[in-house]
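A.B. asks: Protein chains in written order, with this note's numbering: chain A, 16 to 386; chain B, 16 to 386; chain C, 16 to 386; chain D, 16 to 386; chain E, 16 to 386.
Please keep in mind that the hints were generated in silico from the structure rather than gathered at the bench. Careful: at least some of the hints might be erroneous.
Which copy? The list can't say, so a pair holds if one copy fits it or any two copies do.
Said to hold, decoys possible - Pairs of lysine-lysine, DSBU-like flavour, derived with a Cα cap of 35 Å: (1) 228 / 382; (2) 382 / 254; (3) 228 / 122; (4) 187 / 122; (5) 36 / 275.
All values derive from a computational prediction rather than experimental measurement.
Listed below, chain by chain, are the residues.
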Amino acid sequence: MTPSPTKQFTKNILERKVGQKPGFLNVHEHSLPPRLFMVSFDGDLYESREFENYDSLMAAFVSQPQARHWIDVRGYQNLELMERLMLDFQIHALQMEDVINDYQRPKVEEDGNRLFIISRMVTFTEEHEIDDDQISLFTGPNYVLTLQSDYEDCLNPLRERIRAGKGSIRKKSSIYLAYAILDVVLDHYFPAMAQLGEYAEELEDCLFENPSKKLLSQILDLKREVVKIRRIIWPERDKINEILRMDEAQIPHDLRIYFKDIYDHAVQLIDLVDNYRETTSSLTDLYLSNVSNRMNEVMKVLTIISTIFIPLSFIVGLYGMNFSREQPDGEINPLNMPELYHPYGYVTLLGFMGLVVVGMVYYFYRKGWLN
Amino acid sequence: MTPSPTKQFTKNILERKVGQKPGFLNVHEHSLPPRLFMVSFDGDLYESREFENYDSLMAAFVSQPQARHWIDVRGYQNLELMERLMLDFQIHALQMEDVINDYQRPKVEEDGNRLFIISRMVTFTEEHEIDDDQISLFTGPNYVLTLQSDYEDCLNPLRERIRAGKGSIRKKSSIYLAYAILDVVLDHYFPAMAQLGEYAEELEDCLFENPSKKLLSQILDLKREVVKIRRIIWPERDKINEILRMDEAQIPHDLRIYFKDIYDHAVQLIDLVDNYRETTSSLTDLYLSNVSNRMNEVMKVLTIISTIFIPLSFIVGLYGMNFSREQPDGEINPLNMPELYHPYGYVTLLGFMGLVVVGMVYYFYRKGWLN
Amino acid sequence: MTPSPTKQFTKNILERKVGQKPGFLNVHEHSLPPRLFMVSFDGDLYESREFENYDSLMAAFVSQPQARHWIDVRGYQNLELMERLMLDFQIHALQMEDVINDYQRPKVEEDGNRLFIISRMVTFTEEHEIDDDQISLFTGPNYVLTLQSDYEDCLNPLRERIRAGKGSIRKKSSIYLAYAILDVVLDHYFPAMAQLGEYAEELEDCLFENPSKKLLSQILDLKREVVKIRRIIWPERDKINEILRMDEAQIPHDLRIYFKDIYDHAVQLIDLVDNYRETTSSLTDLYLSNVSNRMNEVMKVLTIISTIFIPLSFIVGLYGMNFSREQPDGEINPLNMPELYHPYGYVTLLGFMGLVVVGMVYYFYRKGWLN
Amino acid sequence: MTPSPTKQFTKNILERKVGQKPGFLNVHEHSLPPRLFMVSFDGDLYESREFENYDSLMAAFVSQPQARHWIDVRGYQNLELMERLMLDFQIHALQMEDVINDYQRPKVEEDGNRLFIISRMVTFTEEHEIDDDQISLFTGPNYVLTLQSDYEDCLNPLRERIRAGKGSIRKKSSIYLAYAILDVVLDHYFPAMAQLGEYAEELEDCLFENPSKKLLSQILDLKREVVKIRRIIWPERDKINEILRMDEAQIPHDLRIYFKDIYDHAVQLIDLVDNYRETTSSLTDLYLSNVSNRMNEVMKVLTIISTIFIPLSFIVGLYGMNFSREQPDGEINPLNMPELYHPYGYVTLLGFMGLVVVGMVYYFYRKGWLN
Amino acid sequence: MTPSPTKQFTKNILERKVGQKPGFLNVHEHSLPPRLFMVSFDGDLYESREFENYDSLMAAFVSQPQARHWIDVRGYQNLELMERLMLDFQIHALQMEDVINDYQRPKVEEDGNRLFIISRMVTFTEEHEIDDDQISLFTGPNYVLTLQSDYEDCLNPLRERIRAGKGSIRKKSSIYLAYAILDVVLDHYFPAMAQLGEYAEELEDCLFENPSKKLLSQILDLKREVVKIRRIIWPERDKINEILRMDEAQIPHDLRIYFKDIYDHAVQLIDLVDNYRETTSSLTDLYLSNVSNRMNEVMKVLTIISTIFIPLSFIVGLYGMNFSREQPDGEINPLNMPELYHPYGYVTLLGFMGLVVVGMVYYFYRKGWLN
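Next up, chain A with everything else stripped away, as it sits in the complex (with noise of 0.2 Å):
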């Protein structure tokens, strides 16, 4: 049996120590070795690089003080880079514990004009579940840095817009950038939504066709999933709209409109998800009702040949007694059973059988229970 949804869900949370120091940072045994890149990019500059060192990253950093940078960690295995981290971007304890505990509601945190940022990223795996990684996002005056603990992610569309050059995200402040990041991790929930709903209409199918007993299972398992996704985009709307209510200082007013935008895709998914909560619903009863109307067809089949061999079988076991005809005294006894002698006896009883049976028979089609 594989893992069931619910232990997937619980694993990372229950996967902490109790009564550590706050803000310990507790890293997993299963993390990878951090790997480093940053992209820089100013107007005409554009420059993509995966670092050896965190010195290197940082001497390339420092160097070009009026781009903008993109800096990227992958991978929290040396604690050592993440304290240095910290240090150098002034990271709070908790905050970095929040990002390598690795599960998180998605959430914003404000500390000045810096903001902290905590998105999850969701696809639909083969297994048919939500899987979702965490991405933890610091902006400051110059630079974005993202960490999250998987090699891959869903970012690279933005990386190649920032390549390429188009539109004005090169131009743009790094909040702009902070922003295009957040649009390209809920832009991805799309997709997995659309597959989950192709999977519903697939279970759908199945509940028609043939209702197996593991179909119930499997209708149940997609409700939690969908209970899932749903608890993971309404703390992302939630967070979006506060981060709409921050004022000048961190979100300037011209791009407020572009986080404005990234709400109403939250709020279209959550409209989807309702959606798919209610079509998993009617699944629920729709499998709960083939189950019934196919007892009631077991019972059908059952009650039709009883009904009409019991009668039948009354018959036959009547003509079946031994009532004798001839007296003791040798005399013939012309009331008991005279129908065994009559010449035609069989044949008429025979035809009395079909008579009964026809009636049964046109009785169940009125009945509607043939069809």
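Chains B, C, D and E: place on chain A using the hints.
C.D. replies: Structure of chains B, C, D and E alone, referenced to chain A:
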């Protein structure tokens, strides 16, 4: 099988590319070539024309600065036209994206004194589905600009009213025209709701006459349509409420009562749709109870037939036994089934079985099983 | 079949034309010709008259400026009269549309110091449905104007109170008169609720005595009536709450306690209706459980009869077999069914079968199936 | 049949006349003749008396202006007394109507520095119903006036505390006395809740031992009682919360912590009642599952018996056929049922049937149907 | 039978006397004799001692005014000690009542700059129940006073952290110590939740393997435990939220981020518990569907057996009839059951019945009933 409502509902949302530049105008492949209409009016002035191209429309628009104009663009195929509209009417790229994207919740955005409003026009189709099209609306000092993807809409009664010059519509400002459009769009919900209600009653009649297997699926589909229209009407109400909370600059005081009026209509629609939700819920209950009742009826037929004939079959089996009257020594054994040799044995037995049947039937009659 | 509650509920709303001019007075074809009443009072003064035409009413109204007047218009057929009322009492076209449209949620609008209030009068009909009529009320410095579509209403006790001069009603302002009307209208909900409650108990008794197929449908209809009255009472409460939040100019301080009192009544009604909602829910549960119990009973009868007789039938079938005692060579074969030739074979078998029956019955008795 | 809870709950509300003058004192026909009590105390002073008539009570009240007085009126039969109370203690007619009307939600009204508080005292009766009586309370500078319709109440522990002079109650203000009364009334909810909880467990035990038809009806009645007490406790909590939000003039700062304490108790009661709601819900689930399980058991017995004996009956029927061994020409036909003539035919058949039974039983045992 | 969860949950609440003086310290009969602990620390200073009596503890406390002290009282048996604590640490009688009463929702009260906090420590017991103990906490300028009824608690990791001097805890203020205690208490919810989750999966496995009668009852018990822990965590979250809204005087700005962190943990716990609620709901659904499926299976076995053998039994009964081949006049009657005298009659019949069986089995196979 027709596409499920979910599919219809989500298709539009999901047909967007991940990671595209914000404000990127993603023209659908099935978009229609644009048609350009303008109605100009001012007291006695009334002109309604379709224009060959955008230049001639703009020329006519500019030549009558004192009049009010309703510019009406239908079909989004021409990307260049869209970009010229953005330029001439100061439309933000993200707003134009919302227009073309064609699935947006009803909403209003204010930008200085100008409003950007998205509404949805609903119809109830032959396939018993709620079909909804988007109409986008921009207000300006002396114009209203509407955009829609189809050539057909529900605004002809309003066009006729302007032409006839009935009421004060020709003398009022462009914001009144915007109100009039919203009013007509919302009025169109009522006949759609009426048709949905009639369909619900049709299903209810079916339920009592011929509750087929397909019916539950139809009821659940209807339920989803009701949920869907509910999800459209609530933001519609919120939108109008937001307009009502705007200040004097956007909504002059003497027009406020008109928006209050359509707010009341929106609340009535919510009442109606909640009513339908109750109705569809009780349809499901009735369906399940009907299924259960029919199973009960099947069981009763089986039980009555079995209960009458099984004892009778036992009796006739009894007298079909071959206990020997003659002992091996040729003596008559008076204890072995003397009934069989009694002159009235057979007749008495038939009478006894008749009594058993009458007794059983009376018992079932008293139990109320024969109704 | 009587029209379903849904039909009744929605007919009024849906009988409006799409795209009509706002404030267009759409007089129903079944409207009654108007009757005009006025009660005038002031300390010792008391006059109650029906007027032939509007002019004589206005003459009487104008001739006693120091008195309070309750002008009471019943029937909307005369469009011209409506327009004169709008003119003389400064009623906005949209408000008059609400009056005539005749399906409006309870609401209050303030316009300077004047109030426009819509209430609904409910009765519980013979067909066990909630019937609700609208009464519209405008207040002015020395008058209250009420409008209703029917000739009959529930305000006679109030008219009698004014006539008798009981209490201080004759000495109080017109806003007190408005309060008194709202109070009587709300008081009328209580007997309607009582009748609804009695009907619910009637259905509950039926449930235990004779749970017919029709009953569930009646219970679900009742449920919808409860939901419907709930949907009327909540805005009624909100309306009164809104009045309570108005300032001194609209509601003088010494009258506030009276409106607080009807607010308490509205809250009691909500308690009551929630109570009925619980009741109808448990009726549905009881119905379904009863259906299930009866199926159980049917099953038990079948099972008891079958379980007793099927083994017996086997036994008698056993001794109906024709195994031959005589071998082909004429020898007696002592192994083939010697029981049949035993002198006490038949009697012993009957006794054995009697024991089987007693054992079975005891088993069922122990299982508690015989109760 | 005992009156249903609904009947009990609604009787009081509905026993009011429509259209009566607001503040009209509608004395019930079953009202008791009033009894007048007063407890006066002040440090060392302590007097507790029942008075013959109102004049002597007022004389005693006026003669000790420096003391605190708890005036306690029980029984509303004397309308004149009520009117004198209204005059002497400045009680508004509408408030006195609330007192006598005797069904009011818990609420508080402030009038200057004076409070008018309505509480409900609950008990759990022998008939397993929540019985609630109203106590109305007016505070004044040096007195608390309580009114109740019955002679019995739950305040004796408080009277005893004042008499014993325990705590600081004799030294505190009249508002502290009001607090003490509210506290004792609320404390009385806990034993009622405990009895209700015990009754719920009793029903749960019945469920497992002897799930009769009546039980579901009892469970649903209990559910309604829980809903009913919930509907009393919530406004109780709101009332105390409203008192907590009053300012210094009504509730002195040093008494605030006492009201905070009873607020905590009210919240605990809500927790408890929500807990019981869960419990009764799961009782319904368990009941329905038990019914279903028993049906299952009945079905199993039927199926086991039928499945064992129906094939056996077929076999014995087979050898009851009369295929003739002798041809018309007197030849032996070796193909027609030779088994019947085999010396070990009968014994072999009995053995075979025994094997069939063993096989069937083993099959059911493997299926787990025999447990 | 073990005591039901409800009983456990309500016992504490209900064990209070009605009408007792507010602030009356009602020491439970099972209270433990108090043990007194104090941890004192200040940079390098670290002392952890258990004291014989209260006087020696106070002497040590007073002798080190510059240090921070964590005074830890376990066991409430000594009423005199409680009263001395109230005096020395200015604890209000009502607060001490809350401490001893031992069933309080998590809450915080502020009194000047001092906080009074009640938390609940949860564990998941062997009997699969949520067990929760109360810890009460008072803060002062240089101390934190905690009170608990048991000797065992979950705070040892924190004591160890102070001893080891890890982190900055020794250098921080007493409010930080209070935070650290709340943090450890809340961290303890996670393993309890994990155990609850594992138990839920155990039940789910049982459901598929051996769905016994007892299982539903276990599932419903688990559901109630989930509801119960939910009712503890929500006020826990509200409590921390209230602390976050306090001003600088209570919570210094630099500590705010720590309370924000435990707020995030509380929200995660709510997510988790909502997740478990979904899980237990779908367990109930699965259980009921399993019951229904098994009934279906029983029905199918019965129907297959009956449907195959009933017609066969009819056939063999048919040829067990005694229609006489010989007329009374000795003539052969060729119409009365000639099959019985046909040389291949028996063999043909056996073959025909074999065909009927094969046909039936094929029919059921096609219906999918044999899987």
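A.B. asks: Is it within, between, both or neither when you check residue 382 against residue 254 at 35 Å Cα-Cα?
C.D. replies: neither (60 Å within a copy, 54 Å between copies)
A.B. asks: Quick one: residue 228 to residue 122, C-alpha cut-off 35 Å, is that within a copy, between copies, both, or neither?
C.D. replies: Neither way: residue 228 and residue 122 sit 40 Å apart in one copy and 45 Å across, limit 35 Å.
A.B. asks: Could you figure out if residue 228 and residue 382 sit no more than 35 Å apart (CA to CA) within one copy, between two copies, both or neither?
C.D. replies: Both: 31 Å inside a chain and 16 Å across chains, each within 35 Å.
A.B. asks: Evaluate residue 187 and residue 122 at a C-alpha cut-off of 35 Å and name the case that applies: within, between, both or neither.
C.D. replies: both (24 Å within a copy, 28 Å between copies)
A.B. asks: Cα distance capped at 35 Å. Does residue 36 pair with residue 275 within a copy, between copies, both, or neither?
C.D. replies: between (39 Å within a copy, 15 Å between copies)
Violated hints for the displayed structure, listed by number in ascending order: 2 and 3.
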